[in-house]
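Novice: Sequence:
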Amino acid sequence: MAIEQLNGVRTAKAALEEYVEALLGAAGADAPSAAAVARSVVDASSRGVDTHGVRLVPWYLQMIEGGRINGRPVLGFEKKAAAVGHVDADNGFGHLASYRAIEEGIALAKEAGVAAITVGRSSHHGASGVYALAAARQGFAAISMTHADPAVVPFGGKKPFFGTNPLAFAVPAPGEEPMLLDMATSAIPYNRIFLRRATGTPLPAEVAVDAEGHPTRDPHAATAVRPLGGADFGYKGAGLASMVDILCSAFTGMGHGATIDPLAGSDYSKTIPIGHFFLVMNPSIFQAFAAFDARVGAFLADLRRQPAHPGQTVMAPGDVEKAEAARRAEAGIPVDAVTWAALEAAAGRYGKAVPQSWT
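Sequential numbering from 112 applies to the sequence shown in the working numbering.
Quick caveat, the hints were computed from the structure, so don't treat them as lab data. Note that the structure is predicted; figures quoted are calculated from it, not measured. Among these hints, one or two may not hold up.
In silico BS3-like cross-links for lysine-lysine, where the CA-CA straight-line distance does not exceed 27 Å [to be verified]:
(1) Lys433 - Lys124
(2) Lys190 - Lys221
(3) Lys191 - Lys221
(4) Lys270 - Lys221
(5) Lys347 - Lys269
(6) Lys381 - Lys270
(7) Lys124 - Lys463
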C-alpha cells in the first residue's frame, strides 16, 4: 500500500508547539485554548498521526477567524453523580474541553474508581487518542470518543451518514509509554483523503467512495469513506460508529452525526456543536496497582514475542507510533509542504516568526 511522503520540512517538537500556539493566539484564541490545541496536534504529529496533527492548524485558524469556534470560551463543569460529570465547552475548541474532561474524570475516578464524562457544545478535537493518553500518563486507563458530521457511508449505503467517529483506549504500561489504541470506526480517517491530496498519494483500494457511492482510489474524487471492514464486513465498523454516535449525542444532548452541518463548510461564522464521551478508570481501585502493572507488562511481552511471518513483527497497539515518536524526537517532526506553506502565510499575516526548520 502506498504511504504518504511528507516532503516538506522538519522542526523540533518544542519549537513547533510554540509556533502553533503563537499562531492560534494571534488568530483570537485565549492562552488556555491555544495551548490545548498546540499540545494536542503536536502530540499527534510527534507520534506520526499526521492526519490529525499540525496539518489541521490552518483549518483551525480559519474557523476561529470566522467565528465558528469561540476562542475565549468559559468552560462549565457539572458533577451529575458520584462518577458522572458534564463539560459545557461553550462552542470553544474541543481540545480544551477534552483535556478538561480527562482531568475532571481523573478527579472523580480517584474516589469512585471509574468516571464517565460527557462534553457538549464542543467542536472538532483532533486525535481522540491524545486525551486517553493524557490519562494513562497519569496512571489511569481511559476511553475517549467523538462523533462528527457525516463522512462515512453506512454499510450497504451510498450517501454519508456517520462521522468517522473515532474510538481510543489507553492504559499505563510499565517502563514505557502507555499502550494506546486510537482508531476511526471508518476504513480510514476522512482527513487521510486531504493528506493524500496534499502529498499526491492514491488512496488504498475499497476504503473511499465518490459522489455516486462508487469505490475510488483518487483522493480528489473521493467524497466519503466506508466503515471499518469495507465492502464485505463494513457492518462491524457501522455498528461501532452507531455506538459512538449514541454516546456522543444522546448522552451529551447533541444531535446525532447525520444532523450536524459540515465542519468544513464554507460559512465559518456558524458554530457547529458536537459531543464527546470519556470513560476514566482507576486501576488501583480494582486491585493493587503493582499487580495491575505487572499483568499489563506480561500481556505486552507475551504478545510481542508471538511467532510472526517472515519479515513481520507482532506488535501491540501503539507500537508503531512509539517507534515513530523515537525517530521524530531525533530527526524532527515532518510537516508536508502544503501545510508548511499555509503556516508560513499565517505567520506573515500575524507578524509571527517562523521556527527554524530543515529538509
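Novice: Next, verify each hint and record whether it holds.
Specialist: Checked hints:
no.	hint	verdict
1	Lys433 - Lys124	15 Å, holds
2	Lys190 - Lys221	14 Å, holds
3	Lys191 - Lys221	16 Å, holds
4	Lys270 - Lys221	44 Å, violated
5	Lys347 - Lys269	17 Å, holds
6	Lys381 - Lys270	24 Å, holds
7	Lys124 - Lys463	18 Å, holds
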